[in-house]
Each structure stands twice: as structure tokens, then as C-alpha cells.
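Number of protein chains: 2
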Amino acid sequence: MQNIVERLLNGDRRALARMVTLIESEAPQVQRHLAELHQHTGNAHIIGVTGSPGAGKSTLVTQLVRELRRREHKIGVIAIDPTSPFSGGAILGDRIRMMELAGDPNVFIRSMASRGSLGGLAASTHDVVRAMDAAGYDTIIIETVGTGQAEVEVMRTAQTVLVVCAPGMGDEVQAIKAGILEIADIFVVSKMDKPGADQTVAELAMLLSLDQNRRQVQWRIPIIKTSAFKAQGLDLLADAIQQHYAYLTESGMIGQRAQRQVRSEIQTLVLHSVTRALKAQVSEEEWSQLIVEVTTRQHTPYDIAQALLTRLGLQNI
Amino acid sequence: MQNIVERLLNGDRRALARMVTLIESEAPQVQRHLAELHQHTGNAHIIGVTGSPGAGKSTLVTQLVRELRRREHKIGVIAIDPTSPFSGGAILGDRIRMMELAGDPNVFIRSMASRGSLGGLAASTHDVVRAMDAAGYDTIIIETVGTGQAEVEVMRTAQTVLVVCAPGMGDEVQAIKAGILEIADIFVVSKMDKPGADQTVAELAMLLSLDQNRRQVQWRIPIIKTSAFKAQGLDLLADAIQQHYAYLTESGMIGQRAQRQVRSEIQTLVLHSVTRALKAQVSEEEWSQLIVEVTTRQHTPYDIAQALLTRLGLQNI
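In order, the protein sequences belong to chains W and B. Count along the first sequence from 1, add 2, and you get the number used in the numbering used here. Count along the second sequence from 1, add 2, and you get the number used in the numbering used here.
Do not rely on the hints blindly, as some may be mistaken.
If chains are identical, the list can't say which one is meant, so a pair holds when it fits in one copy or spans any two.
[To be verified] When the alpha-carbon atoms are kept at most 25 Å apart in a straight line, the in silico SDA-like pairs for lysine to any residue are as follows:
1. K196 / A207
2. K227 / A17
3. K76 / R299
4. K227 / E288
To be clear, the hints were calculated from the coordinates, so they are not data collected in a lab. Bear in mind the structure is a predicted one, so any value in this text is a computation, not a measurement.
Bound conformation, chain W alone (with noise of 0.2 Å):
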């Protein structure tokens, strides 16, 4: 009987779905699991996914699956679900369309819920991206709802970001501008069938051109219009995708993106080992207690922060 650990890298499937599994609940081996895999990482092409609710992105990844798996990829989707626990349903429904390709042996689909600590999902994510890597599936795409700051910190773990936009929901280049323009890789317009596509790529092209000038690097971003309904542009999607990694590879871009991710994943790991330790050592009882203390004026915030630290033991900061 092999450990899970090899039985993953043999590319065993329930195997990787129990990693996953043990990753999610913050099991205690997995730490030492995941610093076994590590060695066996470094080979995916790791693709983001991400753009307002409704603009098609589950639709997108489940034909964009199909045609990677015609390019003969092994890939892995992580489809990251919002926090909210009333809309889990309703929007797990709209993945149901990605089941289809749950019976192909090359494709590994996997929900996470969004729950939890900031930072938190960022570093399961890594934690997530690090076992499919190392169990051989050579692209990897994190699919996110929303363009908030959580969704952009997962998207840094990406090599190449996907801004999906559908037109006709208003304000959709807006909507992009908030934060989200300077980790994108590829514009998407989705449903290019739809009234008002043209308007939306135009309108992309524009915020592109003011913003090219500012990035000082040679990758100009592409804008990729597909249709769902009709199957087009997925091949132009696909090979955009491709040209952006050999750019990455060729260019040693890929290193400073790796780079970037190490720093953001290490800093991620202290933040989540101090959440944890201060939740072990401060009961409920305490914390009414220390809440009380703030609220009736006694004490500051700042106070009780700095004491904390203290018995945690950072009495240098």
C-alpha cells in the first residue's frame, strides 16, 4: 500500500481528490504532504479566469477545455466558488455544464468554496495548483467570480490571466478598470453574438491603448471574441494562450511571475500561521472579555492588538 503522496504522483485521481480534500479542512499532514510534492512541481502552464458575475466564464472554461483537451493537454480547473453560503447553490448550478467533462480521465474539475479568511484562499489555492501540478496536469485554470482584491491575489498565482467581459451588461469596461486591468493577460468578449460585442471590443481597445503605454513590457494584450452558443473563437483562444506562455518562457518573464508568487505565497503562509495561532490561544471567553474592555473604553484596540502580539511572542514589532 503506497502513501498518498506517491500514489499522486502516479497520477492517481482519488488520491489528488483526497489532497485536495485535505487541503481544503487544513489537515495537519498536509504541510508535510505538500513539502514531498514540491519537488515534483514547476511544469503547468497556470491559467486565470476571472470577470463579473454573468459574463460567461463556466461556459468559457468548459469550451475552453474541450479544445486544449483536442491540443492533447492534461488539464486541471479549479472553479472557485463565492462566499456566500445561500448563493452557493445557485451558482455551483451553473457549473453543473462543466460536469460534461468530468467523465474524460485527462480533465480533474475541482469546487472550492471561498469561505474563510482573507489570504486564506489565496494560499489553498497555491496548495491546490502545487498537487495538480505535481500529479501531472500540464495546464492548470483557476476560475474566480467577482474582480474584488481576494479575486485578484488568486489570480496572482496565475501566468496568464484571462479578463472575461460579455457585452450589454452596462458598465462591464468600468467594471474592469476597478483593479483587475493590471493582472490581465487576454481580453475575452464573450457572447460575440450578442448586440453591442463590437461596441465592448472597441471600447477594450481603447482602455488598452492608454494603458499600453504605461506597461513597459512587450506583450500586447490580445482581445478574443468567442461565441459559446456557436463554438467560435475558442481556436484563436487557445492559441493566444499558447503564444502568452511561450512570450513568458522566451522573454524570462516567467521566472519574475514566479518570483512574485513565492513572495506573496510565503507572506500568505506567516498570516495564516498568526490567524491560527491567535485563534488556539484566545478562547471565546477571552475575547467577549477583551471586547468589552474596548467597547466600554478601558482599553484600545491598539492595546489589545500589542498585548496579543506580545503573547505570541513578537516583542520587537
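Fit chain B to the given chain W structure using the hints.
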């Protein structure tokens, strides 16, 4: 010559403006000032306004401030701009309208950039609210762009959360499902004169009827239609805000919210100190070295994170 804290407590606007700048720049003396201000706080009603980009939040806030001024409130506004340095200008432009209010001595408006670390924004927002509260502003409005996780964190500072959506944006209700519903106290359908407004109201009502069973609270979330163009609905909105505040105080819920807010503030302060300590103790050269050790697979990110924790003094976590 009085010090900045005394002048702020006497209602000096320039002292307040200076304090906000100190908070934003994380000046070393600011925590001492804030600790002095702490005992003078707890009097303001804190209102959060959130919703997708383009929903008309800035216009709504401007008109809401006018309505609350008619009711003799003294109002502070914190407008949080998105991270991107590129988009900053454009979105600040939308806020020029708000500047009409700036001549009123009983209105204090301040924009804050949302750049910086996760959690950092929530911490500085807490601090700015504290400064405005101590300076005698009885109503403080926090406006955020977007509905991501960072914005939800910021909204936890508020006692009454308004979620704004405009009809005709395609997926406004779906966007609301994803995370923000749990923290909403009042829904606002802006642009009530646009086609589709009644349908948006109906969809929100349906969403709430599903959600109401899950929430075991007495407050029924109202849906208020407003028109910035015709300046309609603002009186109803101001009434709903005051009713919600009365509900919070009479039911004792206001204490529960304060507790939740204090706990999240203390945790944020602890993590923020750790981030600062990491920055101070690890030089750029050392980061480069550590990152190379990870990318060449000599060490895992877990090893490095553990070593850094040990260096910060956190041996037992």
C-alpha cells in the same frame, strides 16, 4: 498652541484632515493619537454604501447627504477608491459631483485609496471613522466601489449597510447573491426612471423572501427606489436608515455589531503589525535569495514561512 487631538475634538476641520493623512501614511505617532480619541467615540451612526461599479453610488451618496443635512445631521463621508493607479483618476472624476457639498461646514468628505495589503484598508477605514466620530460627526457614510471580499470586510465597520443596484445592468441581482446579501440592511434600486426598475425590485423581493427564512432577525430589509435625476425617494431612504438605527438600538443588535467590529479590528491590527515586521526584518536582497531557494526546489515555501515565524519570535505556533 493646542495639539492635533485637542483641536480635532474641538471640531477643527484642518486637524481632522491632517489626522486622516497621518492615518493613511501610517505615521508612527498616529496610534497614540487614536488611542486618545478612542474614549470620545461611539456616538456616530455608521452607514456603508456598496454595489457594483456604475450603480450610481456617488450620486446617491451626494443626494443622501443633502437629505440628512435637511435633518440637521453633521456628516462625514469616506469614499474608497479602487486599487489601480490607472483607474484612480477616472473614478475620482465621478466623485467631483460630491464636491458640491464641500462648502458646507457640517460635511467632511475624504477619498481614500484602496491600494495596499488586504486588511490594511479595513484597518485604516476603522481609524478614519474613529477620527470623524471623535470630531463630532454624528453620521458617517463609507462608500466602496465593488462587492469583493475586501469591500465586504470594510462594510463590517458599518452599522447600516445599503446595497445599491441599478436596473438594466443585466446581472445586478446575480452580482448581489455573490457575497453581499448577508451584510445588506437596505436595498436601493437607483435610477428608478429607467426601464427594468420594477423587474429589479421584483427580483430583489424574491431573493429576500428566500433569504428571510434563513436570517432569524426581526428586521425586514426594505427595497427603496430612488431617482437621482428627479431627486425622488431620498426622504424614504433617510427614513429607512433612521428606522434601522432605531431597530439596532432597541433590539440591542448595535452592541452585537460593535463586538463583531472590534474583534475584526483587533485581528486586523495584529496581522498588520506582522506584515510590517516582516517588511522591516527581511531586506529585498534576502527576499530574492529566499525566493531562489524555493524556485530551485532547495526549500519549500512552508520551510521559509516557518523560519520567518521563528525569527519574529513566534516559536510555538
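Report task. Can you give me the call for K227 and E288, within, between, both or neither, at a CA distance of at most 25 Å? Result -> neither (56 Å within a copy, 44 Å between copies)
Requested in this report: State whether the alpha carbon distance between K76 and R299 is at most 25 Å within one copy, between copies, both, or neither.
Outcome: between (59 Å within a copy, 23 Å between copies)
Query raised in the report: Can you tell me if K227 and A17 fall within 25 Å by alpha carbon in one copy, between copies, both or neither?
Result: neither (38 Å within a copy, 53 Å between copies)
Requested in this report: If the cutoff is 25 Å on CA atoms, where do K196 and A207 land: within, between, both or neither? Let me know, please.
Outcome: Classified as within; 18 Å inside a copy, 29 Å across copies.
Violation of the numbered hints given earlier is confined to hints 2, 4; the remaining hints are satisfied by the structure.
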